[in-house]
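K.L.:
These are the residues of each chain, in order.
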Amino acid sequence: MKDLVDELAARRQRARRMGGDEQVARQHAAGKLTVRERLDLLFAAGTFTEIGVQATHAGISPDMAGKETPADGVVTGFGRVDGRFASVIAYDFTVMAGSMGRTAEVKCNRAREIAYSKRFPMIWLIDSAGARIQEAIGSRNFAGSGLLFREESIMSGVVPQVAAMMGPGAAGTAYIPALADFVPMVKGTSNMALGGPPLVKAVVGEDITAEELGGSKIHCEISGVGDLEVADDRACIQAIKDYLSYFPSSNAEKPPAIACDDPSDRREESLVEIVPDSARRAYDVKKVIRAIVDHGRLFEMKPGWAKNVVTAFARLAGHPVGIVANQPMVLGGALDIDSADKAARFIMLCDAFNIPLVFLQDVPGFMVGSKVERAGIIRHGAKMLYAVSEATVPKLTVVLRKAYGAGYFVMCGRGYEPDLIVAWPTAEISVMGPEGGTNIIFRREIAAAANPDEERARRVEEFRKLINPFIAAGAALIDDVIDPRETRPTLIRALEMAQTKRVERPWKKHGVMPV
Amino acid sequence: MPEEIKAHITGVVFQVTTKPGDTVQAGDPVIVLESMKMEIPVEAPRAGTIAEIRVQEGQTVQEDETVAVMA
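Same order as they appear, the protein sequences are chains D and P. Numbers given in our numbering equal positions in the first sequence, counted from 1, plus 6. Numbers given in our numbering equal positions in the second sequence, counted from 1, plus 233.
In short, the hints are calculated from the structure, not lab data. Note that beta-carbon positions come from the ideal geometry of N, C-alpha and C, so glycine has one too. Take these hints with a grain of salt, some might be off.
As the list claims (entries may be wrong) - Chain P is faced by these chain D residues, among others (derived, beta-carbon under 10 Å):
| id | residue |
| --- | --- |
| 1 | Pro334 |
| 2 | Gly339 |
| 3 | Asp342 |
| 4 | Met373 |
| 5 | Gly375 |
| 6 | Lys377 |
| 7 | Tyr410 |
| 8 | Ala412 |
| 9 | Gly442 |
| 10 | Ile488 |
Use the sequences and the hints to build the structure in full.
P.N.:
As structure tokens, this is what we get:
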């Protein structure tokens, strides 16, 4: 017995040395932590149970003969993140570049099953060259593969799914983040692409580096596939914890409320100063958000992409909320294709996990013009209509200033079942602005007038008088006009009131989402 | 390296707020466009000197059109 137990210890020790000292030194030299160092940061000390540490490669390829693959290049198991269970799949780049082997896939299937059947978050730490070609090449090896993406799709909206890019993720490993809810990317070391640089060179003849092709800047600022660029591995693990702190373990639970010492009745004097007197001038809506939420803290999703809309998690009286706010600083706050995509996705994410939504409106409308029409803005804008209509979580709307056209609808206007909709005295709710409206309605009268410019100005002023929050509130179409300083207490009272919200919808298999 | 500054939205030039030779910081407005009934600044992508302004107030510019050049 003693000999056998000693052998077990030796085998474990061998697996925990990963790809060996030389490979570990290379991993560190590249500015990356090893997979086991990452898991030590992720899970509370002593809570991680590893599954499949004895695994080794499947021995199905002659090219693999004589090779050792500790844990088959991926560490899997479960542990506690800030007290709650999560399952993990963490690729080990020191073992054959973290390539996905056949045995590794068996381990990953097991880790997903644990998260899904026990209903707690699934976390991937991706640092992988992609499929292990030696074990995947040929029809016999490949024809049965790929189930991980189907399973990830089925798990979507049931348990939170996080895919952190902490190294490369090529081909197969790039679809894991694509289907996950949250994708932080480490600056400088992570990248993802359906085809890496050698394949790109071979197939389309383009010379490009992995960083230029799919680095954190590309995906967090241009493509929108990444959610957050982080400085290093430590910041990445912290971002995962911060993100999950807003989420329940599954869609069957409510998000966790925490104790809050920021007073619920706090009036915020700065809110009367932030919005400029001129309705044409921009201001930073993040100042408004910080003034309203607990301790001014927010966790932004996709802060570097589609910046004309801000999507962020925050807390009100300790309760997690998802905030959707137009950002007048960028494109005047007008909604375009990417911002509609970003907001629709965020609304669906919050709704899936019972996180109430707060909409802060200051939107001059959707972008118009040939460029956006050709790119399909009607279809993309409809995603936001669809998402806000489908959402059954508590929805609270504050009209800060502009609420024009379909912009008012998609930002949870009166027709979209807000549990409370209030406006600041600066609110302008209308199908379009006075200038645009006048030019269309009174086109003939203006043309026929002795002095068309004077006539237009007179008509614009008359039109302007029709756009006023007291008119909307006077018709009881919005619930109230509030002093901006009362925004936080007003939202908190409404949020607490809406906790018991129940919406019944007719059965359907699923709608036809305008993707 | 000279660098072209491009409009990121179609609109009318509302104000030219810099001139050739001016020193700017990253994020400073170089010109201000009017679009969607909002004043929307076109910002310097980096710190440096303005070499050329290619537009005039009142002129319509298209998205991706060069409005100024940095030295």
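K.L.:
None of the hints should be skipped; say for each whether it holds.
P.N.:
Here's how the hints hold up against the structure:
no.	hint	verdict
1	Pro334	7 Å, holds
2	Gly339	7 Å, holds
3	Asp342	9 Å, holds
4	Met373	7 Å, holds
5	Gly375	5 Å, holds
6	Lys377	6 Å, holds
7	Tyr410	8 Å, holds
8	Ala412	13 Å, violated
9	Gly442	7 Å, holds
10	Ile488	24 Å, violated
Of the numbered hints stated above, those contradicted by the structure are hints 8 and 10, listed in ascending order.
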